[in-house]
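Residue numbers (the working numbering), protein chains in the order written: chain C, 1 to 272; chain V, 1001 to 1277.
Derived by calculation from the structure, the hints in this document are not laboratory data.
Owing to the predicted nature of the structure, the values given are computational and were not obtained by experimental measurement.
Where a beta carbon is used, it is the ideal one built from N, C-alpha and C, also for glycine.
Any given hint could turn out to be false.
Said to hold, decoys possible - If we take Cβ atoms under 7 Å as the criterion, some of the chain C residues that face chain V in the derived model are:
| id | residue |
| --- | --- |
| 1 | L71 |
| 2 | Y88 |
| 3 | R116 |
| 4 | N118 |
| 5 | F120 |
To be verified - Every beta carbon over 10 Å from chain C, so not counted as near; a handful from chain V, in silico:
| id | residue |
| --- | --- |
| 6 | V1011 |
| 7 | G1021 |
| 8 | V1025 |
| 9 | V1033 |
| 10 | T1057 |
| 11 | T1075 |
| 12 | V1082 |
| 13 | L1091 |
| 14 | M1180 |
| 15 | S1214 |
| 16 | I1219 |
| 17 | I1259 |
| 18 | R1262 |
| 19 | V1271 |
The chain contents come next:
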Amino acid sequence: MTDTLPQVRTTDPDHLAAGAPLVLAQKVEKHFGPLKVLKGIDIAVPKGEVLCIIGPSGSGKSTFLRCINQLERIDGGALWVSGERVGYHRDGNKLYELDDAAIARQRRSIGMVFQRFNLFPHLTALQNIIEGPVQVLREPAVDATKRALALLERVGLADKRDAYPSQLSGGQQQRVAIARSLAMRPELLLFDEPTSALDPELVSEVLKVMRDLAETGMTMICVTHELGFARDVGHRVAFMDQGQIVELGDPRTVLTDPREARTRAFINAVRH
Amino acid sequence: MTAETENLIIVPRRHFGRIIGAAVVCIALAAIVRAFAVGQIEWDYVAEFLTVPAILTGLVNTIVMAILAMVLGITLGVVFAVMRLSANPVLSNTAIGYIWFFRAVPALLQLLLWFNLALVFPTLGIPGLFSFKTVEVMTPFVAALLGLGIQQGAFTAEVVRAGLLSVDNGQYEAAQTLGMTRLQLLRRIIMPQAMRVIVPPIGNEFIGMVKLTSLASVIQFAEILHSAQNIYYANSRVIELLIVAAIWYLVVVTVLSLIQGRIEAYYARGVAAPAQR
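With the sequences and hints as input, model every part of the structure.
If you want it as structure tokens, here you go:
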């Protein structure tokens, strides 16, 4: 309430023209014991942007994603989503830690898709999708089911409504997981290496769903190793290494003609 | 070469060890059956006393006590398992202390402690509001329920904790991401999955509880063994009445085993689900 957004400058002011960024990170730090995983992340993600984060494992890209929806608590700096400070309520010069209910409320508008899908194994595809809307948003089951069936249709799995996750392929499970996130009507979707656990022939079906989503104007932050996806779908690409954003900009520039030697080395290594 | 593959008869291998083993077991079983048949057991009495009212009342009391003590035990077990996994050191250490004490002290001793509570606290209640005479409240039924249920809670807490830990961390994260509160997440997502791990040992403990209720005969609770003893004190048919009680325990435990199988199948859905058509 008393929390006003600070003024920010980004490398790409065009994306900010529409107004305040949906996600804003300032000097975000995260430590695991003595290990500094994030060493001051600054970035602003405007509404409707698809930001792809690439980088070697251990560079902190997944950790940054997990900080945005409070699966990790940040140790320094500040994060805002939709103009609201993440994890704290500010009053004067004091920051009060939010209680569980408030944290849960902040998470509702943020969807997350995990590397290992994390579907609920005891629920069918349909039940997985309506669980959030019915239990958290208190939506009537009839309405939630109607929307869930439309979402299953959209990810091409209308015939799998009664299948349990164990009866689905990895690609199908990930598409159900995306539908489950969408059922919460999120403002922002986080993808944490969504295709890394998939057999190679199943990657494209998940990427296609993500591509379609990007076209609808959904704000997406994707940690990914799919450089082709980052180039074709991403509005911007960030390269992270050792807890910092080393390079951020237009996908073609970052992926084909990077400014930094570290970025070039990584991209060459990924491309063989 | 065809002679090597055609018209040859395969002679099965002889398992002499198995034949000898089976023979020994059969002889032993026959000896046991014969011993009981010619022993000093009046089987007519067994049949006669199997369904007398005192025995049936004892049977009902045994079943009711086992169910109530398990309900109390499971409730306490869930509460203390969640406490034990809490980040709050007061809660987790309290749970550790509870589990330590009630697992360590023998059930029979605990029953005697509860039954004799009046020696320590002559009255129970909140001063100024209400109070009861302990002897009146602490009937054999209440003492047995508290003694059995509370010690069961200590064992169940460990079973539930193992179940909760068996659920993948990604399940907590996925549920949190949907905006679930901790209670919603435990009830809707974690417990249903933990149940698959929890149910088999709980079924085992339930069977144990049915038999453990026999300890309550010591504090005059009229369960089936107590009823059987009361009858044989009068008519001296000791073995016959013990057999009656044994038969009923067998029946109850058999029924429980069947129910356990059904519950296990229910919680295994999604994991061992039949293939889709």
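Whether V1033 (chain V) stays farther than 10 Å from all C-beta atoms of chain C, as the label says: Given that every Cβ of chain C is farther than 10 Å from that of V1033 (chain V), nearest at about 47 Å, it holds.
Given as non-interface: S1214 (chain V), partner chain C, CB spacing beyond 10 Å: 37 Å, holds
Beyond 10 Å from each Cβ of chain C, as asserted for R1262 (chain V): 17 Å, holds
10 Å Cβ clearance of V1025 (chain V) from chain C: 42 Å, holds
10 Å Cβ clearance of G1021 (chain V) from chain C: 41 Å, holds
Interface restraint verdict for F120 (chain C) against chain V (beta-carbon cut-off 7 Å): With a minimum Cβ separation of about 6 Å from chain V (threshold 7 Å), the hint on F120 (chain C) holds.
10 Å cut-off, C-beta based - T1057 (chain V) kept clear of every residue in chain C: 41 Å, holds
Interface-negative label, I1259 (chain V) against chain C, beta-carbon threshold 10 Å: Given a closest Cβ separation of 20 Å, the condition holds.
Beyond 10 Å from every chain C Cβ - status for L1091 (chain V): At roughly 15 Å from the nearest Cβ of chain C, L1091 (chain V) sits farther out than 10 Å, so the non-interface label holds.
Non-interface claim for M1180 (chain V) versus chain C (Cβ beyond 10 Å): Given a closest Cβ separation of 6 Å, the condition is violated.
Non-interface label on V1271 (chain V), tested against every C-beta of chain C at 10 Å: Given that some Cβ of chain C is not farther than 10 Å from that of V1271 (chain V), nearest at about 6 Å, it is violated.
Non-interface claim for V1082 (chain V), where every Cβ of chain C lies beyond 10 Å: 14 Å, holds
Checked against the numbered hints given earlier, the structure breaks hints 2, 14, 19 and satisfies all the rest.
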